[in-house]
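This is what each chain is made of:
Number of protein chains: 4
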Amino acid sequence: MVMHMSRTRVAVAGASGYAGGEVLRLLLDHPEVEVGALTGASNAGQSLGALQPHLLPLADRVLEETTTEVLSGHDVVFLALPHGQSGAVAAELGDDVVVIDCGADFRLTDPALWEKFYGSAHAGSWPYGLPELPGQRALLTGATRVAVPGCYPTVSSLALAPAVAAGIVDVEDLVITAASGTSGAGKAAKPHLLGSEVMGSASAYGVGGTHRHTPEIIQNLSGLLPDGQGVKVSFTPVLVPMPRGILASASAPTTSSADDVRAVYDQAYAAERFVHLLPEGQWPQTKSVIGSNAVHVQVTVDEDAGRMVAVAVVDNLAKGTGGAAVQCMNLALGLDEGTGLTTVGLAP
Amino acid sequence: MVMHMSRTRVAVAGASGYAGGEVLRLLLDHPEVEVGALTGASNAGQSLGALQPHLLPLADRVLEETTTEVLSGHDVVFLALPHGQSGAVAAELGDDVVVIDCGADFRLTDPALWEKFYGSAHAGSWPYGLPELPGQRALLTGATRVAVPGCYPTVSSLALAPAVAAGIVDVEDLVITAASGTSGAGKAAKPHLLGSEVMGSASAYGVGGTHRHTPEIIQNLSGLLPDGQGVKVSFTPVLVPMPRGILASASAPTTSSADDVRAVYDQAYAAERFVHLLPEGQWPQTKSVIGSNAVHVQVTVDEDAGRMVAVAVVDNLAKGTGGAAVQCMNLALGLDEGTGLTTVGLAP
Amino acid sequence: MVMHMSRTRVAVAGASGYAGGEVLRLLLDHPEVEVGALTGASNAGQSLGALQPHLLPLADRVLEETTTEVLSGHDVVFLALPHGQSGAVAAELGDDVVVIDCGADFRLTDPALWEKFYGSAHAGSWPYGLPELPGQRALLTGATRVAVPGCYPTVSSLALAPAVAAGIVDVEDLVITAASGTSGAGKAAKPHLLGSEVMGSASAYGVGGTHRHTPEIIQNLSGLLPDGQGVKVSFTPVLVPMPRGILASASAPTTSSADDVRAVYDQAYAAERFVHLLPEGQWPQTKSVIGSNAVHVQVTVDEDAGRMVAVAVVDNLAKGTGGAAVQCMNLALGLDEGTGLTTVGLAP
Amino acid sequence: MVMHMSRTRVAVAGASGYAGGEVLRLLLDHPEVEVGALTGASNAGQSLGALQPHLLPLADRVLEETTTEVLSGHDVVFLALPHGQSGAVAAELGDDVVVIDCGADFRLTDPALWEKFYGSAHAGSWPYGLPELPGQRALLTGATRVAVPGCYPTVSSLALAPAVAAGIVDVEDLVITAASGTSGAGKAAKPHLLGSEVMGSASAYGVGGTHRHTPEIIQNLSGLLPDGQGVKVSFTPVLVPMPRGILASASAPTTSSADDVRAVYDQAYAAERFVHLLPEGQWPQTKSVIGSNAVHVQVTVDEDAGRMVAVAVVDNLAKGTGGAAVQCMNLALGLDEGTGLTTVGLAP
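Residue numbers (the numbering used here), protein chains in the order written: chain A, 1 to 348; chain B, 1 to 348; chain C, 1 to 348; chain D, 1 to 348.
Treat the hints loosely; a few may be bogus.
Any copy, or any two copies together, can satisfy a pair, since identical chains are not distinguished.
When the alpha-carbon atoms are kept at most 16 Å apart in a straight line, the in silico EDC-like pairs for lysine to aspartate or glutamate are as follows [said to hold, decoys possible]: (1) K232 x E303; (2) K187 x D304; (3) K190 x E337; (4) K116 x D304; (5) K190 x D259; (6) K190 x D96; (7) K187 x D227.
If you're looking for bench data, these hints aren't it; they were derived computationally from the structure. Source: prediction; values computed, not measured.
Next up, chain A with everything else stripped away, as it sits in the complex (with noise of 0.2 Å):
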């Protein structure tokens, strides 16, 4: 174990909303950390326990105004605001600063394609932060600033990344049709995301491409390709009636043996602590793996359709948002991975 003189002092800029909430829900189980500021924007003001009840020992908590002033002071900021607010925020805190960003500002590195899926622009690209992807974790290592991943980027990447850094499949028919409960929704209030319209119903939306975490996904996945080549990928996202978890079903085509594709997604997460490939014939819940950072996948080769198929699960707040940027943390920090992280869901 190593000593600290002091525990890190760490804020976090959109306290009030999902991602924010789960960094201290799992920041309040961080043995090397201590909560400094939480601001807000509308709800400036309001008490933590008002906002957030779950998070009982900072009910106290008042927050403050998202500024400079506010967040100055600390080791570590977490960044949890709307997207395209990060950039101007970020600017402002010095370089010995770490911050996270649980935002979608910097992580796609196209600028064409951040302005072309989020219609504003570009502030540009921090080091991506899914340790388990192919030479990612060096990256994050000290780094001073990261860009969260999106939550269908994380589950689809680590459903697919084994086979497409193998070249076991055809990476210009990747399928993924991905399950999520709501929370990925975040906490604004819209008249569709109602508990009276989502339970008892499953639906479609950001279909044929649309959705914004269609390209992070090809960003991720045609990262492990060779320059110059590129996956395409069929993602369709579909809300289904729980508030937390992604089930990510995925595809392509192989050749391979279900007993070949097997070894290659056991070889590619044998050395990761968070993300376990399931006993054969065991497929994935989400229940399995809420409140933790753990990813549970399982994968096989349906020979009659001439496709491999992946299922992976995450919970979409936890090792989706908050738990990979704690993870990321550690990591800038030079402390052990998984300081402060479960592999234990919360179940049933």
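Once you've looked at the hints, dock chains B, C and D against the given chain A.
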């Protein structure tokens, strides 16, 4: 209103399960039928009020044993029995009785496929009760035996049939992921179907071509092709936390434009009262069709991925089972096909 | 059956909300009416298909502004407007038009209570649309103005009315806790009603006599006592994770035996087609009445505690709002009270 | 941090059920224990990964038979067995072993009540594991046998104990209605607990004083009164569609003011780390305490009704079972009472 000398007398074998209950729910609103004998297995002797308390008008009915004697003397007999039991019961019923089997026994035409997927001797095949498939309605009109389709095959086939029939997709690369409510798994108590397990969780099962509905989907879609040709389907079912409803996300390689694909679907379903192509940009949600016989469909083309994507929803118990059964009964009896059925869903 | 030269022409003001949608769902299955104008507020100009996609036969209808001009020329006008808006609209409609208000505006007879709980000027009181309360049906038959009860008052009043009317309980110690689905809170987007918030959670609100439905429950039950006497009610509403349905658990001190109490309820509801006293030992579940106009009731006596306990369930949108509205329209028009309504619930 | 020569070695009998799984989930985050033997009944021989896939670090553990031999050699044994089985197992374990029974066997002190409600011979009574009840903590400190309370009794007792102990309510008219998630009913597959049945439905059961937890609630609250006095409780449990959590709404006649009542609760729980009286006006929701050992309480007085109303929430599996078990183990072992437990809930 037409005057009738007497109503059609209908029996339901397996009245305590979900399929039998749904048939009864719909028959209670059907103007031309009278509910006769209701039978059960282990729960024979119990009142329907104890087993299906939502069917209030039948609460005092007592389940009888499923015997030929009990079922005889009806114009129509619905079989809602565990797979493999319909053959023996049906063999004892006269040719003048309309028999509608909600089970799988008579769906598959290939005995080898039946044996592979169901593990017992093949009972034979009956006219397949999906009138919206090209050519199928004629076979059902006046039929005395009907095999009601499986729920996944209904929604999957309707999602892809127009494209397959029109030859605008690569039929050897059909990919379907379907999110289903739990009632499709029936009322038999199994640990993984407990509310505590399914609420808050999405889980994949029957992946890689192993689900029993896979050969049925392939049979339906291959039937749209010239003799000797067949489709290839990668089918992945996902259990999601809702009691009813299936959303199928289906895709296939295409070089057609979104407009052309849309025109194909528009034409295919223009005359179908129960299949509704949603206006452009509106994607299906299962809630819109709960309790109804309607199927909502939407389609687009992802040009970057080179795939057409179709999404369709049904209520697995209504149009997916009991509604289809009543629709087929109407056709068999020469009644208007929609008698006693609705396109109005129960939402929210 | 009454012969009609033409169907009754019906308008719905507030057709985009849950109450308006439910009225329309039921009217689409009503043999004597024709759906006329549909109006909205901020969503005037939009198609009903976009707002209420489950009402497929009306998908192409476009919402109009809620004006006297639009609403005139109908035989019946349903008002499904935010509380406080019905008075002004109704005042412009002629006495020959049947006006059924699904809002709270005309329910309370005491202006002081209205002002205390709703904070605005009292619009007056209309015949109260709960025909199952003693004496109430006669007031509704042929009425041209009807105030549809609140959902909690419907189920709470029906749970306790027989005991209160029969004088077998201490009316000054009535305790009601009611678990409600979320649709009772309406379709306006509020953060605490998001699916992410309500799924997996039960929450109390409006505790301690502060919920607006409390005085309405008291008014209904006090109306069963001799003049000058009144009941005391402790009412606690609890939001639970389901879109529809209310279960009310009500109790009161009694010295009667369970058999005597049962006899009182049996007699009170024997002639009521929509209120069903379950067989001894069977307790109500909301699922049995979803989509229906039925109320299931059960009652017992806890001799150790010295209290009678009655449990009742309704679908808050059906018998609790839209179904009651249609039932009252039937009475107002002289139709059979149950026309277009069912006692068959949608389960599972 | 205290240095330990060796960790406390813990066995869990009944590791495949919900209570056993929750104990394990919490022990995996407990710094002072090491998980030893895990036992099952019909599933002995299976891996925990197949039965409890959320407990990833224990996935390779294999369940053993529940025998004295297997359980011996541990410092602590948790019993999470079906009611009636703990007595025989515990009798074989030495007095030096701490035995924590999550079942009901040793909760009731009155053999007649045990026999009436559980229908078998009384095993005896052990120190009752609700340290927040006045006087109870001392009995648990250093104990070698502990009876973990039932989930309903925990939340119900904590909702009412301060008022009963302070003599500010009429203890002969306590009324409790509690809405519970389904995991309280256990993992044994029963038809009425299927997801298809419970999703979208609230149902009452065990009404009228017949639920087994009723005498336990009465025992707890009567224990706060002078000898020879007892409370009367009307208790109604309601099953609602969520996997975890109980919300108890409790009321009793009072003449105290809301401020006075609040002061009583404030004082009663000021020193309790796990019981939190919410700020005025904020009412409990179960989601805030899911996965945690926290109890959120709120209280008010309905002056019109003449009753105090208290609402409390717990996670039935955490503070309601497994969390209490760990808390009691901590007390038994002389560890800090909160070791390995959290007051942070998992939301949304």
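* Out of the numbered hints, which ones does the structure contradict? -> 2, 3, 5, 6 and 7
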